[in-house]
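Student: Start from the sequences, fold in the hints, and give me the full structure.
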Amino acid sequence: MKRKLNETETFSETTESEQPPSDGCVAKTSNKIIELRNISKSFDGEPVLNDISLCINDSEFITFLGPSGCGKTTTLRIIGGFESPDIGDVFFDGARINNLPPYKRQVNTVFQKYALFPHLNVYDNIAFGLRIAKVKEAEIKERVTEMLKLVNLRGFEKRNVNLLSGGQQQRVAIARALINKPKVLLLDEPLGALDLKLRKDMQVELKNIQTKTGITFIYVTHDQEEALSMSDTVVVMAEGKIQQIGSPTDIYNEPVNAFVADFIGESNIIDGVMLEDFKVRFAGHTFVCLDKGFEKNEPIDVVVRPEDVDVVAVERGMLTGTVSSVTFKGVHYEIIVDIDGFKWMIQTTDYVAPEETIGLYIEPDAIHIMKKSEYSNMFGDYSSFSDELEHLSDITEDIEE
Amino acid sequence: MKKLSSVYIALILVFLFAPIAVLIFFSFNAGSSTSTFSGFSLRWYLELFRNGEILDALKNSLILAVASSAIATLLGTAAAFGIHHMKNKHLKNGVMTATNIPMMNPEIITGISLMFLFVFVGGLLGLQTKLNFWTMLIAHITFNLPYVILNVLPKFKQMDKSLPEAALDLGCTPMQSFFKVQLPAILPGVLTGMIMAFTMSLDDFVISYFTSGVDFQTLPVLIYSMTKKSVKPTIYALSSIIFVVILALLLLSNREKSSDERLEAKRLKAEKKRREAIIKAQKSGKAPKQPKREAVYEAKAPRRSRSYLNKIVAVCCAFAVIVSLCVMLGVYSKNTITLNVYNWGEYISDGSEGSLDVNKAFEAYCANELGMKVKVNYVTYTSNEDLYAKLSTDAVSYDVIIPSDYMIARLASEGLLAEIDFDNIPNYEECISEDFRGLYYDPEDKYSVPYTYGMIGIIYNANVVSEEDIGDWDLMWNEKYKGDIVQFNNARDAFGTAFYKLGLDVNSTDVADWERGLAELKTQKPYLDKYVMDEIFNMMESGEAAVGAYYAGDYLTMLDNQAENVDLQLYYPDNTNLFIDAMCIPASTQNKSLAEEYINFMLSEEVAIANAEYICYASPHSVVYNSETYKEDMGEEAIEILYPKNFNFHEAYNSNCYKDLDADTKKLLNELWENLKISN
Amino acid sequence: MTKKNVISENGIRRNPPQKKGLLQRYAAAPHIVWSVLFIIAPLIFVAYYSFTDADGVFTLANISAFFTEKYLIIFFRSVKLALIATAICLLLGYPIAYFISRSKPKTQKVLILLLMLPMWMNFLIRTYAIMVLVQDTGIINSFLGKFGIGPIHILGTEGAVIIGMVYDYLPFMILPIYSVMSKLDNRLIEAASDLGCNGFGVLRKVIFPLSLSGVISGVTMVLVPSISTFYISQKLGGVDTLLIGDVIEQQYTASNYNMTASLSLILMLILLVGLAIVNHYSDGDGGGMMP
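Chains as they are written, first to last, in this note's numbering: chain A, 1 to 401; chain B, 1 to 680; chain C, 1 to 291.
Errors might be hidden in some of the hints.
Said to hold, decoys possible - In the DSSO-like style, the derived pairs of lysine-lysine whose C-alpha atoms are separated by at most 30 Å in a straight line are:
id : chain 1 : residue 1 : chain 2 : residue 2
1  : B       : K666      : C       : K235
2  : B       : K180      : A       : K158
3  : C       : K80       : B       : K522
4  : C       : K109      : B       : K157
5  : B       : K157      : C       : K183
6  : C       : K183      : B       : K155
7  : A       : K329      : A       : K241
8  : B       : K155      : A       : K158
9  : B       : K501      : C       : K70
10 : B       : K373      : B       : K446
11 : B       : K157      : A       : K104
12 : A       : K181      : A       : K113
13 : A       : K200      : A       : K104
14 : B       : K161      : A       : K207
15 : B       : K3        : C       : K109
16 : B       : K2        : C       : K109
17 : A       : K149      : B       : K2
18 : C       : K70       : B       : K667
19 : A       : K104      : A       : K241
20 : B       : K269      : C       : K183
21 : B       : K3        : C       : K106
22 : B       : K522      : B       : K501
23 : A       : K207      : A       : K32
Hints in this document: simulated from the structure, not taken from any laboratory.
Tutor: Here it is in structure tokens:
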């Protein structure tokens with residue numbers, strides 16, 4: 001389907017597009033398809049996005065990750081054309097598309113609750129976009145069949161969409177969007193309503209589809225695991241700002257601040273002081289680390305992942321603590337250890353008993369140093385940790401979005 | 001508990017359906033009473049299809065209901081869409097409040113307020129007819145709108161917010177998104193709203209009553225004027241037919257739905273089975289890659305039926321719009337001349353029970369003899385004051401009216417009547433004798449042509465009233481018959497009875513006389529069952545009331561319909577009212593010569609006899625009262641009552657007729673009457 | 001669409017605010033115009049006629065006339081009869097709404113259909129049929145007569161008017177209550193029983209408060225037409241059952257527009273204020289007419 005690209009607003013943009021890309025844009029200028037430049041947006045005076053800049057490359061699987069209210073969905077809707085930024089510009093293939101209505105954009109969306117048309121069956125839902133574009137019925141039939149094959153729904157043509165299971169509806173929504181051969185596919189928490197098992201399967205399937213079609217996927221989720229396992233690039237957002245952009249491994253291993261460290265996986269975040277290059281002091285002990293380039297005695301945040309701490313005999317330990325709780329998690333035990341009043345989470349395969357005093361050993365490469373940020377001291381202590389609470393917070397998030 | 005609740009529900013249903021059962025039962029009555037069953041017959045159903053007035057009203061009601069519900073649905077759906085997207089809270093609240101007013105407000109106030117608007121604006125525009133089809137249409141749309149909006153708005157709210165966005169996303173323009181995605185999603189609400197609007201409009205009486213003009217009478221308004229007197233089972237027959245049709249429609253639509261549901265349930269079951277099979281297969285280690293198709297319960301059937309339904313709806317809508325457009329044009333089509341005749345109820349031979357349908361005959365006469373396409377629009381009123389109210393506000397314009405004598409005097413003095421050109425009424429000379437000319441209300445015979453005359457007599461049920469109580473007006477004040485007496489529900493006649501009883505001059509201008517009359521009526525009030533006009537028919541016939549004064553001619557009608565255990569008799573008190581009803585042409589007429597043609601037609605022999613026999617009042621038409629067939633048809637007893645022997649009409653009339661009272665006395669009379677009615 | 005971006009004071013370019021589509025902005029416009037012309041304006045005329053005499057001169061006479069004994073007696077009679085009828089409707093209708101909402105879905109559908117069916121009959125005819133039913137020689141009395149009872153004189157009394165109101169408006173009470181109750185989560189009732197409520201306790205503590213919005217909308221839908229009716233009292237009432245609706249209609253028939261208007265205005269204001277108070281204290285959206 002060819003959309004009228006010449007209708008994009010190209011006026012007055014010659015000068016603007018030559019402006020140097022702002023700092024949020026990773027300088028991979030080679031094949032960028034979408035660029036957001038200094039986007040701000042507020043609803044009823046409540047700021048939602050605050051000066052977002054971002055480049056998205058062609059054929060990339062990029063994920064916006066963040067807690068609810070961080071602005072990720074709004075960013076997506078700005079790209080989709082359902083909202084327009086108060087400040088800043090959106091570029092698509094180098095053309096400014098701020099005020100281009102959604103139906104003129106080469107972008108399609110998979111909505112959070114699928115938004116399948118209840119009055120149409122599976123076939124008609126998928127064929128919808130093509131019919132609007134006045135494609136010939138014969139071609140439509142061919143392409144719908146192809147799509148149904150792609151999403152594993154052959155034989156479901158005549159089914160009533162309201163009677164499909166969540167996973168099947170999900171597939172129809174994807175097929176309905178993909179059949180238009182968009183350059184970019186936007187997915188707004190598409191797996192949010194599915195149960196865990198199905199979600200895992202669909203993650204794999206989505207990734208496969210993306211690889212097969214080569215379409216750029218922009219994916220919004222608050223599930224960090226989902227983000228890490230599927231994406232080429234992850235954009236971590238909080239409070240209307242981009243916290244970090246990077247590959248999943250970068251994000252996990254080298255979080256830029258306490259927020260990212262806490263949000264991605266489990267982490268113990270401890271106040272520390274960088275004594276000199278490769279030498280850091282925290283928890284009353286001086287450690288060797290692999291980081292450098294900080295001021296002398298600069299206060300910093302230290303991240304230690306629970307799985308990177310080894311439990312050893314007290315006499316061999318760099319730190320000593322008392323086990324305050326032990327939870328069996330299948331592949332490992334999750335224990336909370338009290339070290340001078342600070343609760344650490346540690347994952348270990350060896351059983352330790354509650355109230356036992358143990359020694360802890362941390363390798364230099366297990367220590368990651370971050371500059372102090374506004375999020376310092378907000379996260380990282382597990383004194384009030386409870387699985388159930390975490391679960392509850394997930395639910396409220398579902399309701400809000 | 002379960003049993004108890006079933007019994008309870010059954011009792012309530014009996015309560016709700018008992019009157020309807022009665023109504024259907026009596027629609028098969030061989031007699032014309034609605035309270036005594038005298039054998040099974042289908043005559044009222046035949047009667048119904050011959051009754052042009054009812055069928056016209058039914059047609060009008062349908063036209064109005066279709067047009068108003070269609071327009072209200074269009075406006076209301078658009079409004080719901082707009083309101084749903086309104087950002088400004090205050091505006092939204094304001095619009096919703098205004099929308100709710102017609103629903104919250106009593107209908108009578110909605111009707112009256114609209115009537116004020118129409119009369120006022122019509123006056124500004126200088127319209128001849130201030131209340132007509134269009135005003136009714138506006139009124140109906142107005143009270144239909146909230147029903148549509150309140151049904152559609154929730155559908156917009158329920159609709160997944162992403163649905164329109166998904167449509168835009170897939171390439172729809174906002175317009176396409178509305179028609180292709182949002183409209184189907186809200187369609188159930190739109191349809192429910194439309195059906196409700198249609199029903200409300202079809203059934204509305206109160207608002208129509210205040211906003212209807214003469215040229216467009218709906219069924220409820222007609223029924224209202226019919227239930228003011230004894231209702232003939234014809235209207236029961238119509239109600240029964242409507243009831244059966246609606247019952248059938250509801251059952252049908254319900255069955256359609258449930259068959260859809262059954263199919264879906266079957267499919268769900270199949271789906272469940274399939275899932276279980278997959279799970280089993282997975283457990284046994286060989287997960288089927290492709291979910292197996294179940295061929296049996298494909299979704300084809302419900303889909304087809306739904307789109308089928310949509311098509312039906314679409315066709316119906318289109319049809320409705322076309323029909324209403326045609327009719328709207330038709331109502332005002334130039335070829336046909338409409339003659340508006342405003343008459344008392346049951347005051348013309350209307351074709352029922354094998355009589356001559358005078359209005360049809362006149363239309364045929366115009367078509368055949370004059371080569372004109374004429375439509376007689378026949379509307380009825382229940383009192384002279386009703387007529388005056390409609391005429392004096394010029395809310396409507398009539399061509400022929402048939403008021404009583406004192407009202408003719410009043411209308412003439414206020415310049416509301418046109419002078420009749422008697423050259424156009426050749427029948428007048430030979431038919432109307434000197435006796436009926438030069439009477440006080442029209443001394444120069446300029447404005448009126450006598451139609452009927454009569455006297456007020458006292459009617460009583462001889463099975464209840466004992467012989468010795470009979471005599472003069474005292475019977476109406478007899479405490480013995482407390483609760484069985486009915487009095488006129490109109491000021492002039494009610495005061496008249498008191499005045500005759502007291503021996504006062506009914507045309508007195510002395511305030512003291514009127515006060516005495518009021519006192520007399522107040523003493524009578526505790527003995528009364530009710531103030532009535534034409535309801536007296538039913539009340540006397542059924543035995544509900546035993547004593548009442550009424551027009552002698554109507555007594556003859558009552559005799560035909562009285563119940564088994566009722567024996568109605570009539571006598572004339574020494575002094576009693578004589579009246580003449582005469583045909584006149586209002587000054588505001590649009591078709592004076594045609595109106596004269598109509599009056600002349602009414603005087604022709606066949607028509608005059610048909611009317612006299614139908615109405616049972618005395619006729620001033622010399623050909624009629626000399627006709628042997630007429631005497632034969634009426635019977636000796638009737639003739640004796642209508643035309644008492646040794647009776648000098650001229651003399652009796654001049655001493656006992658009602659004359660037009662002066663303005664002050666009229667005002668006094670109205671005040672006293674109101675005082676009487678609301679006194680306790 | 002403005003092509004120039006607006007530059008705010010602090011030098012940041014602001015994009016022009018996005019406007020909604022024409023369709024969305026103007027869809028309600030015809031309705032708003034209609035409402036102003038045919039809902040608001042007529043009420044202004046009512047007010048205008050209320051405060052003028054026949055010659056169009058300002059006067060308070062029409063308003064003050066209402067506050068005389070004769071009108072007040074009639075007004076309070078209307079209120080009394082309407083309240084009694086509403087109470088009876090509620091007493092009869094509430095249990096039936098409850099029973100229906102607890103029955104099987106299929107039975108529910110049939111019963112609701114049956115309840116709505118009489119409403120499709122013209123209300124004038126239904127009222128007239130009631131008259132035939134209850135008159136001294138009517139079916140009920142002749143039936144009772146066979147057992148030597150009666151005849152009971154009903155027609156012409158306030159009782160007959162109340163019967164008429166209950167009969168005509170009972171479905172208006174049942175449907176909104178049913179529509180709220182049928183949406184009631186069964187688990188709430190189970191939870192209440194689980195927490196130790198007995199049958200009546202469940203009704204009083206759980207079901208009634210939750211169905212209150214339906215009750216209020218039902219009461220409104222019965223009270224308003226009952227208080228303003230003139231046909232029912234005309235047909236079924238007698239010499240001393242004149243209601244405020246009758247008086248309004250009489251004044252209209254007597255061409256006394258100013259009095260018609262003032263009575264309408266006062267009735268409307270009293271009702272609207274009353275309803276506003278009720279709605280304020282219930283702030284539920286109420287049940288719809290349709291189940």
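Student: Within a Cα-Cα threshold of 30 Å, do A/K329 and A/K241 meet the stated pairing?
Tutor: Cα-Cα ~34 Å, so violated.
Student: What's the verdict on B/K3 and C/K106, does the C-alpha distance respect the 30 Å limit or exceed it?
Tutor: holds (18 Å)
Student: Quickly compare the C-alpha distance for B/K157 and C/K183 to 30 Å and report which way the hint goes.
Tutor: Within the cut-off at roughly 17 Å; holds.
Student: Given the proposed pairing of A/K149 with B/K2, does the C-alpha separation stay at or below 30 Å?
Tutor: violated (54 Å)
Student: Given the hinted pair B/K373 and B/K446, is their Cα-Cα distance within 30 Å?
Tutor: holds (29 Å)
Student: Would you mind confirming whether the straight-line C-alpha gap from C/K70 to B/K667 stays at or under 30 Å?
Tutor: Within the cut-off at roughly 18 Å; holds.
Student: For the pair supplied as a hint, B/K155 and A/K158, confirm whether the alpha-carbon distance does not exceed 30 Å.
Tutor: OK: B/K155 and A/K158 at ~26 Å, within 30 Å.
Student: Please verify whether B/K161 and A/K207 have alpha carbons no more than 30 Å apart.
Tutor: Within the cut-off at roughly 27 Å; holds.
Student: Do the alpha carbons of A/K181 and A/K113 lie within 30 Å of each other, as the hint requires?
Tutor: Given that 30 Å is the threshold and the Cα spacing comes to 21 Å, the pair holds.
Student: Would the pair A/K207 and A/K32 pass a check requiring their Cα atoms to be no farther apart than 30 Å?
Tutor: holds (20 Å)
Student: Need the status of pair B/K2, C/K109: alpha-carbon distance at most 30 Å?
Tutor: holds (18 Å)
Student: Against the 30 Å threshold, does the CA-CA distance of B/K269 and C/K183 hold or violate the hint?
Tutor: holds (25 Å)
The structure is inconsistent with the numbered hints 7, 13 and 17, although it conforms to all the rest.
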